[in-house]
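Participant: Residue numbers (this note's numbering), protein chains in the order written: chain A, 103 to 351; chain B, 784 to 1074; chain C, 2 to 307.
FYI, nobody ran anything at the bench for these hints, they're computed from the structure. Because the structure is a prediction, the values reported are computed rather than measured. Take these hints with a grain of salt, some might be off.
[Said to hold, decoys possible] To give an idea of the chain A side of the interface with chain C (calculated C-beta under 8 Å), a few residues: (1) S156; (2) P178; (3) R188; (4) P197; (5) A260.
Heads up, the beta-carbon is just placed ideally off N, CA and C, and yes, glycines get one too.
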Amino acid sequence: MTDGDILLSGRNLSKQFKGLRAVAGVDIDIRRGEIVGLIGPNGAGKSTMFNLLSGFLPPTTGQLFIAGANMTGATPERISQQGLVRTFQHGSYLPSMTVRDNVLIGSLGGMRNARVSRAEQNKGIDEAIALFGLSNHWNNVAKNLSHGLQRLLSMAIAFAARPSLICLDEPLTGLNQTEVTGTLQVYRRLKTDYGMSILLVEHNMRAVMNICDRIYVLHHGEIICTGTPDEVKNSDAVLKAYLGEAHGI
Amino acid sequence: MQEVFQLLFTALQISAVYILFSLGLTLIFGVLKVVNFAHGQLFTFGALVLSLTMGALAPSLGHGWAAYLVAGLAGLAACLAVGLVIYQFGFKRLERDMTGSFILSAGLVLLFEGLMLEVFGGAVRPVPALLEGNVQMLGLMVSRQRLVLLVFAVLLTAAILTLLRYTRFGKALRAVAIDYEAAMLQGIAYRRIALYGFLMACALAATAGMLIAPVAAVTPTLGDAYLVKGFIAVVVGGMGSIVGAVAGSLLIALLESFVGFYFDPSIANLAIFVIVMVVLLVKPKGFFGND
Amino acid sequence: MTEYKEWIGIVAIACALLAGVAFGGSYIGTLVVWIAIAAVMASSLRFVLLIGELNFASAAFFGIGAYCTGYIVNHADLPFVLTLALSGGLALVVSIVFGGITLKVKGPYFLLIGFAFTEALRIFYTRMEALGGNSGLVGIFPPAWLDAHYQYFTTVLCFLLILGLLGIERSHLGKIFIAIRDNENVVRSVGNRVFFTKVVCFAIASTVAGLAGSLHAFANNVISPLDFGFMLSIFALAYLKVGGEDSPLGPVMGAALLVCVASYAQSLGGNEHILYGLAIVLSVLFMPKGLAGLADLLRRKKESVA
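Between the sequences and the hints, there should be enough to build the whole structure, so can you do that?
Facilitator: Next comes the structure, spelled out in structure tokens:
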């Protein structure tokens, strides 16, 4: 764990809900500038995993390190200050506020401990809005945007906080093909231009295989496979897990 | 020891009325997600109508059981009618809008209190005692009247709890309280359940008011004190929880009778408030709250 | 221009009220002070509504300010401005403690605790000999140098407080308040301190309510526990609801209208409770955006016609 390249490291993370073990002894590492996928059949524990990493749920056992600091049991606010920002699967924006104010909230969170001039701050906000293609909508109220634009907005809010790791919960759901292609392009820029890492929970397998450097496959709360997209594609364990699910349907 | 038993009995007796009152509050919250401040007004209204009808019936029926029964039914009917109007023209239109419904209920408190003051006047309207004298029981001196009221309240509470637990209606009501969307998907007619739940709560408030009437000073502000206690009981127990309402009421009644006796009643009121704060620190959703 | 319309509106109403004090005789002057204090209370209530919570403890903090002032005037001879500041300060300290405990819960729980707190304090006042018990405190007069101008002073200060609240609402802090109301998890996920911000919002609103209570004590000369029950919060709610809670102009308009109507109705022997109750019920059911919303609607209609 002294590896300077490692940004996030979860050790033996578990979450027990009354009778159910939603996440069981998961080890996960994310390096700087890496795009990591987290996939698995429905109910595999992906959402719980996300909540554990971002501090929205305390783990039952295990430890979490972000940028070298022990963040086990820390609040979401604290974890965000340490550089991990997440989005939510549903309604990850502020419905009554304009696009610009939405992004402002992200930027305020990111700059909580920094002294930044108004001009610099405004530049950062405009940059986030432009990056996610929202420039024409900056003064629109978020609840009136199309579903696709709302998805982009939720990512813009997270980006505006300038995290070192951005965790996205099914960000491509409901986007059309052009939007998906454009968004994947943005992910590459987050990585190359801004040096950010991305953790992606996504059902769109083509997109995941296309963009990710490395993938974790979660099944029944355990990591059953990890590796490059090609390695994962050819894993028997993964095939069985997904076939099992397809069988169930 | 004697003293402790006496206090326990007093607590039980106060709690019986609190339970009826807070069951109504928790039912309304569970089903409609509405914090109904006007609940205390229905409680008062029931007591006032009872007192008024008893007065009117006195020449023909006297002060006996028959008069009490008829007047009780009149109070119940009046409260149900008012409840129906409030629901149909008020809460139904603000379906599950918590803040809006709450503001509406706060407005209704002022409106009813003002109207009752205009119509009934501010003076105390005594309700004649139903029974005179005391009985000796387990070494305790207990007024007959309070004993009868207690027994009635306990039986009613038991009946309501049975209704909620075992009947189809009760199960539907609890399903709606837990997750109304899921309940609707299961084919439960949400609107109808909500209306019946609301009316049932109104009937409970009225009954509680009428049970307390013979032993309390019946004025248009009778319900205010019960409203505060009832809400605290529900918050401590967990809003929307039936068991919570019962437990919360018992706790408050115990505090009130013991602290009230060993210190004084207003210290008891302050103690109740401190307890709420402590409970909230430890269990923010109350003892039996789930959401 | 539209960005500043609330500021202009509030200042315009303040000017009208001050003109009322100047030219309207003593009855109008008293009425103006009531309106100004009522407008502050309703604005304070609205301020906490920015984070999505209905603050029923606002009556409690109003009472804390009033009682602190009454106590100081009766027991310690402190300068007027210091008395005012201490009253606001006490409300601030109590609100930080109270908010620090209760803002962990939301919605109905928070609202009912505020309600219980108000009632508990009211009982507390009746128990305290030093606070005059049931009969309250008397002889709370503004200092001689201010006495002749007290109505001006109160009105101006009240409106400065209201404008101050509006200033905070329009700042970045205010945007975080509204963001918390919209979706506090999003606000939290990007690193803003949600709980801390809520306590700040609550403390600001409560301090303002405490100051209003102090001004009220000086204006009324007499205070008693009954003045500070939960009904006071419901009255503030009535001003807010009739005026409309979406706009900062709403509470001011609502207070002006309702206090005037109530005063007129009382002079005819009407019942204040019925009036306020009816005003709330009718507003909720038929005018959910209040007077401010109605004004907005008319303006937009006019624009669309033009």
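Participant: Each hint should be assessed against the structure and marked as holding or not.
Facilitator: Going through the hints against the structure:
1. S156: Status holds, d = 7 Å.
2. P178: A:P178 check passes; min Cβ-Cβ to chain C is 5 Å, inside 8 Å.
3. R188: holds, 5 Å
4. P197: It holds, given that the least Cβ distance between A:P197 and chain C is near 6 Å, below 8 Å.
5. A260: holds, 6 Å
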